[in-house]
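Chemist: For the sequence shown, the numbering used here begins at 35 and goes up steadily by one.
Everything labelled a hint here was simulated from the structure, so no lab data went into it.
On a predicted model such as this, the values are computed, not experimentally measured, just so you know.
Hints are supplied without guarantee of correctness; some may be wrong.
[Stated by the list, open to error] For lysine-lysine, the following DSS-like pairs were computed, each having C-alpha atoms within a straight-line distance of at most 30 Å:
1. Lys309 x Lys449
2. Lys449 x Lys305
3. Lys140 x Lys81
4. Lys333 x Lys309
[What the hints assert, rightly or not] For each label pair, taking beta carbons as the anchor points, the in silico distance ranges come out as:
5. Lys237 x Asn96: 32 to 38 Å
6. Gly334 x Gly412: 35 to 41 Å
7. Lys414 x Glu354: 50 to 56 Å
8. Glu223 x Ile346: 24 to 30 Å
9. Asp266 x Pro58: 32 to 38 Å
10. Leu217 x Arg438: 33 to 39 Å
11. Asp94 x Ile346: 33 to 39 Å
12. Gly227 x Arg272: 34 to 40 Å
Every residue gets a Cβ at the ideal spot worked out from N, C-alpha and C, and that includes glycine.
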Amino acid sequence: MDASFGPTWDSDDEYEKFIQKMNPPRVVIDNESAVDATVVRVDSANKYGILLEVVQVLTDLNLIITKAYITSDGGWFMDVFNVTDRDGNKLRDEATISGLADYIRKSLGADSRYMPSRRRLVGVAPSTNYTSIEFTGTDRPGLLSEVSAVLTNLKCNVVNAEIWTHNTRAAAVMHVTDEDTDLAISDPERLQGITDRLYNLLKGNNFSGGAMTSVSTRGTHTERRLHQMMFDDRDYERPNNIKDDESIKRLLVVIRNWNDKDYSVVTIRCKDRPKLLFDTVCTLTDMLYVIFHANVDTKGPEAYQEFYIRHIDGFPVNSEAERERVIQCLEAAIERRVSEGLKLELCTGDRVGLLSEITRIFRENSLTVTRAEVSTRGGKAINTFYVSDTTGNTVDAKTIDTIRQLIGQAFLQVKGQPEQTQTPQESPTWFLFSNLFRARSLYNFGLVRP
35 MDASFGPTWD SDDEYEKFIQ KMNPPRVVID NESAVDATVV RVDSANKYGI LLEVVQVLTD
95 LNLIITKAYI TSDGGWFMDV FNVTDRDGNK LRDEATISGL ADYIRKSLGA DSRYMPSRRR
155 LVGVAPSTNY TSIEFTGTDR PGLLSEVSAV LTNLKCNVVN AEIWTHNTRA AAVMHVTDED
215 TDLAISDPER LQGITDRLYN LLKGNNFSGG AMTSVSTRGT HTERRLHQMM FDDRDYERPN
275 NIKDDESIKR LLVVIRNWND KDYSVVTIRC KDRPKLLFDT VCTLTDMLYV IFHANVDTKG
335 PEAYQEFYIR HIDGFPVNSE AERERVIQCL EAAIERRVSE GLKLELCTGD RVGLLSEITR
395 IFRENSLTVT RAEVSTRGGK AINTFYVSDT TGNTVDAKTI DTIRQLIGQA FLQVKGQPEQ
455 TQTPQESPTW FLFSNLFRAR SLYNFGLVRP
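I would like the entire structure built from these sequences, with the hints used as guidance.
Modeler: Below you can see the structure in the form of structure tokens.
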């Protein structure tokens with residue numbers, strides 16, 4: 035796969051490292067200012083994509099961002115985040131707090147693994163422990179089962195995987211090892227054989243959409259790659275045979291130009307969920323927009339995000355076609371993680387071919403997987419599946435009972451219906467609300483006096 039896209043940074047790499055060493059990032063963890071959250075302040079020399087780097091670090095550490103204020107005009111960047119753990123509590127352990135500050139500094143420092151270019155692999159070092167397989171293609175019932183069966187037949191063991199589906203498209207990043215050695219697969223001929231088999235499977239007899247497969251021993255940041263692959267696959271374009279349901283259609287994104295300052299103001303309102311900020315910032319960054327200022331508030335069931343952006347060429351959104359494309363892409367980024375179907379959690383001893391066996395049972399009982407997270411820890415397989423029937427409807431309770439009996443009721447748990455995207459209609463007083471929100475954010479973070 036071609037690893038180049040967007041601006042070239044290699045020629046300035048040594049100079050950037052020198053600037054970063056002369057101006058190392060400053061990180062302050064404050065556990066006193068906010069009653070219900072730990073405040074993380076990050077100051078650093080400004081560079082393209084730095085906001086995504088910080089948000090990615092916090093997200094990778096399983097922290098929930100409840101509020102944020104960002105500004106990056108000029109050569110300096112300042113972030114203020116209110117964060118909690120997964121249970122909504124402040125960070126209390128002193129070792130954790132100290133380690134968080136050190137981890138952020140190292141992640142943003144001159145020797146950081148995080149790279150600004152859109153297609154560069156970010157967040158994870160190259161690995162010799164597994165081979166990374168990426169693919170996109172047209173979604174269809176039983177696709178994950180077919181892919182898993184092919185990998186099992188090729189003596190590949192799936193140790194980690196994440197699969198997304200959206201607007202009839204499917205994308206996956208899968209980490210596999212050799213069945214015999216439990217190490218990465220490095221033989222070029224074997225890798226080519228895996229690529230060819232998967233490509234033929236994904237392409238099938240359906241010529242309405244393309245397919246892509248890639249294998250390597252390099253590391254990837256899984257969720258960012260999934261966003262990039264689905265964006266490249268143009269999943270934001272709704273197929274003609276899928277109609278909007280006017281009864282549930284909601285406004286997710288508004289874009290207006292602030293002409294006095296040459297900014298485009300992007301306002302997003304939707305139901306809150308973990309990693310929402312990562313999804314939106316990732317998409318704006320990968321579309322080559324620079325975020326100069328931002329306000330984020332996710333207290334309560336609704337999330338509000340406001341970004342002041344320009345394209346990397348220095349211009350705001352300057353046409354209706356560009357505005358519609360940015361809206362479509364942000365809506366797609368939000369929807370990709372809002373899975374339709376029933377949530378099932380599997381926890382059992384890991385073994386070669388387990389994913390193939392489980393997904394075969396799903397397929398044989400007329401279930402389709404709309405999203406999946408597969409991981410192995412200490413010899414245990416910990417997998418999450420979102421499933422629906424082959425027509426997209428809710429799964430019948432008898433079908434779930436049958437599947438649990440086949441897999442083992444103690445191993446497969448039903449976790450209820452997943453969250454659905456919900457967004458209020460646009461208020462005519464949006465600009466007044468925006469200004470009040472901005473002023474309140476500045477006051478809450480102690481940046482202005484009452």
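Chemist: Evaluate each hint against the coordinates.
Modeler: Comparing the hints with the structure gives:
1. Lys309 x Lys449: Given pair Lys309, Lys449 holds - Cα atoms ~20 Å apart, limit 30 Å.
2. Lys449 x Lys305: 19 Å, holds
3. Lys140 x Lys81: 16 Å, holds
4. Lys333 x Lys309: This hinted pair holds, its Cα atoms lying about 14 Å apart.
5. Lys237 x Asn96: 32 to 38 Å: 37 Å, holds
6. Gly334 x Gly412: 35 to 41 Å: Given about 37 Å between the Cβ atoms, the range holds.
7. Lys414 x Glu354: 50 to 56 Å: 52 Å Cβ-Cβ, so the 50 to 56 Å window holds.
8. Glu223 x Ile346: 24 to 30 Å: 40 Å, violated
9. Asp266 x Pro58: 32 to 38 Å: 35 Å, holds
10. Leu217 x Arg438: 33 to 39 Å: 34 Å, holds
11. Asp94 x Ile346: 33 to 39 Å: The hinted range 33 to 39 Å is violated for Asp94 and Ile346, with Cβ atoms some 25 Å apart.
12. Gly227 x Arg272: 34 to 40 Å: 36 Å, holds
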